[in-house]
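Please construct the entire structure, taking both the sequences and the accompanying hints into account.
Single-letter residue listing:
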Amino acid sequence: MERSLALIALFAALIAALGLIPKFALAFGVPITAQSLGVMLCGTILGARRGALAVLLFLLLVAMGLPLLAGGRGGLGLFVSPTAGFLIGFPLAAFAAGWITERWRSVPLGIASGVAAAVGGILVLYAFGVTGMAIVLDKSWGEAALLITAFLPGDAIKAVLAGLITAALARARPRAVLSRL
Amino acid sequence: MISLTSPVETRAHGWPAGAKLATLCAATMVLFAMQSLTLHLVAFGACLALYAAPGWVFLRAGLRRLWILWPFVGLIAVWHLITGAPQDGAIIALRMLSAVGLANLVTMTTRLSDMIAVIRWLATPLRRVGLSTRALELAIALMIRFTPVLVEKGTHLSRAWRTRSPKGVNWRIVMPFTLLAIDDAEHVADALKARGGLAPGAAER
Chain X
40 MERSLALIAL FAALIAALGL IPKFALAFGV PITAQSLGVM LCGTILGARR GALAVLLFLL
100 LVAMGLPLLA GGRGGLGLFV SPTAGFLIGF PLAAFAAGWI TERWRSVPLG IASGVAAAVG
160 GILVLYAFGV TGMAIVLDKS WGEAALLITA FLPGDAIKAV LAGLITAALA RARPRAVLSR
220 L
Chain R
9 MISLTSPVET RAHGWPAGAK LATLCAATMV LFAMQSLTLH LVAFGACLAL YAAPGWVFLR
69 AGLRRLWILW PFVGLIAVWH LITGAPQDGA IIALRMLSAV GLANLVTMTT RLSDMIAVIR
129 WLATPLRRVG LSTRALELAI ALMIRFTPVL VEKGTHLSRA WRTRSPKGVN WRIVMPFTLL
189 AIDDAEHVAD ALKARGGLAP GAAER
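Which chain is which? The protein sequence lines are X and R, in order.
When we follow this note's numbering, the leftmost residue of the first sequence carries the number 40, and every step to the right adds one.
When we follow this note's numbering, the leftmost residue of the second sequence carries the number 9, and every step to the right adds one.
It is possible that part of the hints are untrue.
To be verified - Partner residues aside, some chain X positions facing chain R, computed with beta carbon under 8 Å:
hint : residue
1    : LEU49
2    : LEU105
3    : LEU108
4    : SER120
5    : ALA211
Said to hold, decoys possible - Some chain R residues well away from chain X (every beta-carbon gap over 10 Å; in silico):
hint : residue
6    : PRO15
7    : THR18
8    : TRP23
9    : LEU45
10   : LEU47
11   : PHE52
12   : GLY53
13   : GLY63
14   : LEU67
15   : ARG68
16   : ILE90
17   : HIS164
18   : PRO174
19   : LYS175
Honestly, the hints are just simulated from the structure, not real lab data.
Backbone N, C-alpha and C fix where the C-beta goes; we use that ideal spot for every residue, glycine too.
Written as C-alpha cells, this is what we have:
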C-alpha cells in the first residue's frame, strides 16, 4: 500500500518533471513535449488503475494552480481552453495503456507496452482531445481532427520510446513494473 | 513550491475558495449557453475590468497568461473570415477568452492551502462512510515533495551527461532518470512504512 502510494505520487511528479524538459521541434517545426510520454509510462509501468490514479493526482495539482504543465502552465483556465480535452483524456489514456500492458502477455513486454502506449496515448487521447477542441472552437469533429494531425509523428515516436523504456525498466527493476506483477 | 497565485494581494484572496469555484462553474455554463455577440462583448469587458481592478501589475500578469490562446484566436479569425461568418468567429473567440480568463482569475486569487481545504471538504462524504482520505492527502504532499527533487536529479544527470559526451542530452536520459526516481520512491515507501504508514492515526503517533 505504501509502495503503491509512493509510486503513484512519484509518477505524477515524473509527468511534471518531463514537462520541464525543453521541448524540441520535429523536422517540420511542430513542437513536442515529453509530458504525454509521462502519461504513457504511467500506464505501461504502473498498470491501468494505479497509472490512471497517478495522472489524476497530477491533474488535481494542476487544477489547484501549480504550474506543472509544459511551459510552466497550470490553473483552472486550462480545463476550459481548447486543449482541455487532452487533459481530460490523460487519465483514460493511461488506463487504456495500462490495461493492454497488463493483459497482452503473449508478446515481449517492449512490443506490448509500445502498442499499448500508442492505443492509449494516441487513439484514446486524441478522441478526447479532438472532442474538446470541437466543443470549444465550435467546429465539426473532422475539422478539429485536422488541426492536430501534425502532432501524430511526435506521439508515435513517444509510444515507441514508452515501449523501450518499459522493457528496459523491467530488466533493471522488475519489481517496479507493477503492470506485470 | 511556487504556485500560480498572484503575489498582488487582492480583495478576492480573502473570499472563500469554494464560493469562487462554484461561481466559476456557473459563469462558465452561462458563457457556453450565451449566443449573442453583444452579451459576449459585455462578458469579456467585465472579465477585463476584474483583471484591471487590482492594478496594472495584476492586469499585465493576467493578460500574459491569456496570451497562450493567441494561436487559437488567430485560427478562428482566419477560419471564419474565409467561411464568411465573422460574427460566429467573434463569439467563439470571446467565449474562449472569457472562460479561460475567469478560470485563471480564480487560480490567481486562491492560495494553494485554500484549494487543498476545498479538496478536503469535497472528500468529506468519503470520510463519513468510513473511507480514509489520508492516502489522498499524503499523495498530494508526496507529489509536491517529489517534483522539485526529480527536477534537481534531472539537472544533475544532464550535467553529468554533458561532461562526458560531445553530443547534447537526448531521450536516452529518460531511462536512468526513471531509475533514480523509482529508487527514491522505494526509499520513501520504506520510510513511510517505518513511521506507521497509512494506518489510521499514524500521523498522531
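The hints, checked one at a time:
no.: 1; hint: LEU49; in the structure: 4 Å, holds
no.: 2; hint: LEU105; in the structure: 5 Å, holds
no.: 3; hint: LEU108; in the structure: 10 Å, violated
no.: 4; hint: SER120; in the structure: 5 Å, holds
no.: 5; hint: ALA211; in the structure: 6 Å, holds
no.: 6; hint: PRO15; in the structure: 13 Å, holds
no.: 7; hint: THR18; in the structure: 15 Å, holds
no.: 8; hint: TRP23; in the structure: 15 Å, holds
no.: 9; hint: LEU45; in the structure: 14 Å, holds
no.: 10; hint: LEU47; in the structure: 16 Å, holds
no.: 11; hint: PHE52; in the structure: 14 Å, holds
no.: 12; hint: GLY53; in the structure: 18 Å, holds
no.: 13; hint: GLY63; in the structure: 20 Å, holds
no.: 14; hint: LEU67; in the structure: 16 Å, holds
no.: 15; hint: ARG68; in the structure: 16 Å, holds
no.: 16; hint: ILE90; in the structure: 12 Å, holds
no.: 17; hint: HIS164; in the structure: 13 Å, holds
no.: 18; hint: PRO174; in the structure: 18 Å, holds
no.: 19; hint: LYS175; in the structure: 14 Å, holds
In this structure, only the earlier hint numbered 3 is contradicted, and the remaining ones agree with it.
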